[in-house]
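Participant: Below are the chains, spelled out letter by letter.
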Amino acid sequence: MPVADAGAEEPGHVISLRGLVKRFGDTVALDGIDLDVRAGTVLGLLGPNGAGKTTTVRVLATLIDPDGGTATVGGHDVATDPHRVREMIGMTGQYASVDDMLTGTQNLVLVARLLGASNAEARERAAELLERFRLTDAAGKAVKSYSGGMRRRLDLAVSLVGHPRLLFLDEPTTGLDPRSRLELWDLIREQVAAGVTVLLTTQYLEEADALADRIVVIDHGKVIAEGTPDELKATVGAQRLVVRPADAAQVDAVAEVLTEVSGSEAETVGQEVTVTVTDSAVLPEVVARLTKAGIEIEDLAQRRSSLDEVFLTLTGKAGDDETTDEKDKT
Amino acid sequence: MTAATVTAPAASRTRKVGLIQGLGQTKTLAWRTIARIKENPGELGELAFQPIIFTLLFTYVFGAAISGDRSAYLQFMIPGMMVMTMLSTTLQVGQGLNTDLSKGVFDRFRSLPIARWAPLAGRILADQTKQIWGIVLVLLVGLILGFRPGNGFLGFLGAAALMLVFAAAFSWVAVLIGVTSPDAERVQMFGMVVVLPISFISGVFAPTETMPGVFRVFADINPVGNLLEASRGLANGGPVAEPLTWTLAWCAALVIIFAPLSIRALNKRV
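Heads up: the protein sequence lines correspond to chains A and B, in order. FYI, the numbering for the first sequence is 1 to 330, going by the working numbering. FYI, the numbering for the second sequence is 1 to 270, going by the working numbering.
The following block holds chain A by itself, in its conformation from the complex:
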């Protein structure tokens, strides 16, 4: 990528954030975010409502200026060289930002013309994108008659008019039904396959797991974890060891052993005792101690935590919390 020659970024990184700070009045929306995205990959920015996901995207899309730190896109600083940044990005906002009163074709032609295409070129590009996004039948209809999924597809299509090398997707599937969500995922994967770098914000762990090469978890404007989906699952929250004694009266004794061996507090639900385990030596040790104490085990299992548990552990909140009424403008 010749863009890497611009010097301000590490080789291969098309997006670099260093100590990014943004305040809204007294509220600190971004509190020193560091983040890198390698060319041609998908970064999932994950966090609960109000964590700073949208603010990060808005800074990168040159819509708001940061109050501190630097943000470079393709080697260009968003604060001092926004025009260059705008030339290589495509953005879809949290709420499909297409014009309701215009038709699908008109929305696409509008952006193509703004990007300098002739009328004929613009119509050609519009037809091509409508075809690819399966919107040809609705091309001449006003967007207000579109379904939620169609609107999102059109929104994505509009952001691709100028062949961007970087795509910012702010909660692209929030509020969509499962089928529309899968359709949109496929369309996003097509873009990645074509070499487009994607930064995607989401509250859905499943979405980050399905699309992202790397995940950055943010909360209260800070990065609290980073890694591939597998790394996150393996490192944070680690594994869950579940033990079920044959005799319900021995639950407390089991809990005591688990707490002692693992070093973290065991939880008891009914006849099941669960503990978080980070060390692989814990399991054989637990088995040895329980055997020695003569506790008969009905069931013993160790499994890797789901991304949901990781998220919960990290943020102290449920990841799929559907409080979408909150606008997440921060």
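Derived from the structure by calculation, the hints contain no laboratory data.
Residues on chain B that point at chain A, a partial pick, calculated with CB under 10 Å: (1) Val-17; (2) Gly-24; (3) Thr-28; (4) Ile-37; (5) Lys-103; (6) Gly-104; (7) Asp-107; (8) Arg-108; (9) Phe-109; (10) Arg-110; (11) Pro-113; (12) Ile-114.
Incomplete in silico selection of chain B near chain A, CB under 10 Å: (13) Gln-25; (14) Lys-27; (15) Arg-32; (16) Ala-35; (17) Arg-36; (18) Glu-39; (19) Asn-40; (20) Val-105; (21) Phe-106; (22) Ser-111; (23) Leu-112; (24) Asn-267.
All C-beta atoms, glycine included, are put in the ideal place defined by N, C-alpha and C.
Guided by the hints, dock chain B onto chain A, whose structure is given.
Facilitator: Showing chain B alone in chain A's frame:
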């Protein structure tokens, strides 16, 4: 990417959209607003209510009372009604802009490599078509009722052109209201607070001679009062030079003051 990408940040900072390109983008964005009307022709019908009903009301309810003679009042009032219609139409610029801002459409425009002022200018340009529609409607109703511009068609055309120039300048006030208001309803409300006094205390519907001192002073310096006097002069005959100069000066002042304020408010709006 060409070698141009590799220039030092300091050099590329100067890179901006040229004026010609910016004007082309303005034209495209104006097309958008006009395409919206084509998709929703009902909007023009809605726009027609106020000028038609106000013209009829003022002619038949106040006409004889104010002038003693309905047809004389019609000559006096029609240019005023056009100005009144023009002012309330400018509020549409603010409302449309506010809707774009809250729906995220404006974010899309701002993330494109286009001139920063193009989305605003495009809207103002497009709403001139609504202005022409309003002027034509009032003229038609006036003609049916018996309005005859004393200076003929050309004089009337001059007056209409002056109103359009003023509308474009005054739209920046509407833009500021549109950007600073939380929602479209509030744009209408704040807009009326501005538009009503400057249109009523100006001699739109009644001569200013009978107004108390403070109101008369306001009426004399009021940009709308000057526009009205110049328009009446152009359409019906009367002094033109002085009110025309004042009107154009006001137009320049409105743009110089409100365009930068609007753009600043826009950049501050998150």
